[in-house]
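Asker: Now for the letters of each chain:
Number of protein chains: 2
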Amino acid sequence: MPLNLSTTDADFASAFTALVDARREADEDVSRDVTAILKAVRAGGDAALADYTQRFDRHDLNVSGWAVTPAETRAALDGISTELRDALELAAARITTYHEKQKPQDSDGVDSAGVRLGARWNAVDAAGLYVPGGRAAYPSSLLMNVIPAKVAGVQRIAMVTPTPNGEINPLVLAAAQIAGIEEIWRVGGAQAVAALAYGTDRIKPVDVITGPGNAWVAEAKRQLYGVVGIDMVAGPSEIVVVADGKNDPEWTAADLLSQSEHDPTSQSILFTDDAAFADAVAAAVERQIPTLSTSAVARASWDANGAIIVVRDFDEAMPLVDRLAAEHLELAVDDPESLFAQVRHAGSVFLGRMTPEAVGDYVAGPNHVLPTGRRARFSSGLSVLDFMKRTSFLSLTPVAIGAIGPAAVALAQAEGLPAHAASVALRLK
Amino acid sequence: MPLNLSTTDADFASAFTALVDARREADEDVSRDVTAILKAVRAGGDAALADYTQRFDRHDLNVSGWAVTPAETRAALDGISTELRDALELAAARITTYHEKQKPQDSDGVDSAGVRLGARWNAVDAAGLYVPGGRAAYPSSLLMNVIPAKVAGVQRIAMVTPTPNGEINPLVLAAAQIAGIEEIWRVGGAQAVAALAYGTDRIKPVDVITGPGNAWVAEAKRQLYGVVGIDMVAGPSEIVVVADGKNDPEWTAADLLSQSEHDPTSQSILFTDDAAFADAVAAAVERQIPTLSTSAVARASWDANGAIIVVRDFDEAMPLVDRLAAEHLELAVDDPESLFAQVRHAGSVFLGRMTPEAVGDYVAGPNHVLPTGRRARFSSGLSVLDFMKRTSFLSLTPVAIGAIGPAAVALAQAEGLPAHAASVALRLK
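First to last, the protein sequences are chains S and G. Just so we're on the same page, the working numbering is the position in the first sequence counted from 1, plus 10. Just so we're on the same page, the working numbering is the position in the second sequence counted from 1, plus 10.
Here chain S stands alone, though its shape is the one from the complex (with noise of 0.2 Å):
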């Protein structure tokens, strides 16, 4: 049974505040393990890779192979439906487009001082990406978090993978081929994360890594977090559905089920302001689930982590839809925009009632590597952002340094710091 409240609830803050702080997430302590297999792939290099890859993914990779070959992926891509195919290529086509919008621009300009002042970007030199094996192995984040890479202008995209039992997902593969990635290694867990960072023999080391994983692929980005760049930690899975008594419940029902179904750790919430609504969608959750392949995994999320919340208004709804900060939210409601204003925090929201979740995970544009867990408070999704970086930059003339370099030596002085004060005072004689 998903958690049933209502703001007219006697006890309704402390139950709301109680579903705010829940943490879904498991504190498995892995950070010894990971510690230990990082400095192992440090100091073995390639036969540490083969080693753990024989001990976790069972296949050796001097039989197997380390890397995918061309040939692989090519065949993977011609090897899918053509329906597929153009599927795969609609959405890697919007996506480009969505994020070429986010290339930042370079700044240069000499101010009233006569300083001049300015910033430009550069794309890091290389990028590693994760994929997952099993469950969470989807063409589709491969494409999310390759693209802003491609369109940053990264010139090396090195993508690892576990192939447990030497075995891979073929729509990964074709995914791959699409968005042009050349080189795939066969590894995974922590020690492909620590070859990423710390380069192997045959892992040329990347900048920056990004891409899903377990709790030891997440814990080896945190540890190695300052030796490269990483995304942000990601979590369980959520979506919150702000929806009045005019929806189809099915829609919504399927709405919520489309976070369920990902994992029992998943989030989903309605708000809606119709008691009578809230029932009708919790009915049809409860006749969708058991026609979804995916039911026992909805079953047990839906379960656990759904909640159905019974507002007077939205106006009293939307202050608590932001202290939830959720990755997708979606306004289901005749004039979103207004809901829409109030809303400070989130990862990326759907206006109004045709914009299911789902279209924002495939092919809309934006990339569905969203903040999770409250994480929305203070960081975004993916962008072009993560794959490059700023270099400020200034210029003084003589009377531009006589204009503001008196200010310096007087900081530089106070602060105790004389050999800053005479790199300054020099120049002004």
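Source of the hints: derived by calculation from the structure; they are not laboratory data. It is possible that part of the hints are untrue.
You can't tell identical chains apart in this list, so a pair holds if it fits in one copy or across any two.
[Unchecked claim] In silico SDA-like pairs for lysine to any residue, Cα to Cα no more than 25 Å straight-line:
| id | residue 1 | residue 2 |
| --- | --- | --- |
| 1 | Lys111 | Gly124 |
| 2 | Lys439 | Leu94 |
| 3 | Lys113 | Gly124 |
| 4 | Lys113 | Asn132 |
| 5 | Lys439 | Ala53 |
With the hints as your guide, set chain G onto chain S.
Answerer: For chain G alone, kept in the frame of chain S given last:
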């Protein structure tokens, strides 16, 4: 003695690689201590903060006071010279103007498929600023951290700073007053970072934590990455100066020493195409060091980490410079623009002979919180973007979902996610 290299040395390649790979950061393993502190503060709140402060900073917060009062910050500003106050105000005004140009643009538009797509930026609600005690307590750093947050529109800024034996740097308080900081807590170390991230009865939690600190502070931020946003891991400071023989060796020496005097782990490297100039700079450094009140630190840093590299020409130098990905890069030549065009990796670049790095530390405008230890390969200086986040949004019409919905259904089915497919397919009927 600093390292003396020439690109004509037989072993130059390996000697330079060793220089690039040298890690100047101490491998202090404080992670277990920090984990324990975070846990204690999370569980014990203010009582734990008071305990750690008594133990590490030797004062009783319940006697000395938890917060710096507005009267104290006002008195600090009143107590400094007019010259210093003017310098701080000039710095604050110029930093504000530069950072205002970093404010990102929202986007919103309808594409050819009829899909409305956009992105909207918001500031985080609250930012925490760590200000170290002791040697590294710089009023300039306070301005560089606070002003981007203010420009971003952050409503609440909470500063924490250790006050060993209850004492606090009045210049830092004066800068806090100029920057308009109204919330200053007398706590430091990992315990202060934990309080900002988790919140206590007294200190409300924040969304982003920035500011320099010792190994404990840095490790606390790393462990809390994901609970809050943090700035890049900071390491020892460094400068690379590219200078021809037409420079005044005294100026160049002062520029090199302006990094060396920061910390024994700082690094200063000169590239020049003129061996006689190299010798003259080396001699000038030796003359200047004894004149500095920071001579012990400058001596230690220059001897351990300084380097003078003689190149045949600057085309040979620039790829080497790029490998170093320096925090600060001075191009002290007649035509700095042509060299700058070859730079891909640097925190901030100082163009021409009249642009000493120290003006950038104080009054030029760009941020002086910059990527260190080769991290300019993948990260940028602190900016307004570190205190903001982007919410993507989309809206479909019936026509638009008809155009792109079927591809989403195909991909969802291929990924084995039937509720995803249903949420779109129901709307296509």
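Asker: Can you give me the call for Lys439 and Leu94, within, between, both or neither, at a CA distance of at most 25 Å?
Answerer: between (71 Å within a copy, 21 Å between copies)
Asker: Regarding Lys439 and Ala53, is the shortest C-alpha distance of 25 Å or less found within a copy, between copies, in both, or in neither?
Answerer: neither (53 Å within a copy, 58 Å between copies)
Asker: Using 25 Å as the alpha-carbon threshold, which applies to Lys111 and Gly124: within, between, both, or neither?
Answerer: between (32 Å within a copy, 17 Å between copies)
Asker: How would you classify Lys113 and Asn132 at a CA-CA limit of 25 Å: within, between, both, or neither?
Answerer: both (10 Å within a copy, 19 Å between copies)
Asker: For the identical chains here, do Lys113 and Gly124 meet the 25 Å Cα criterion within one copy, between copies, both, or neither?
Answerer: Only across copies: Lys113 and Gly124 sit 23 Å apart there, 29 Å inside one copy, limit 25 Å.
Hint check: a violation occurs at hint 5 only; the rest are consistent with the structure.
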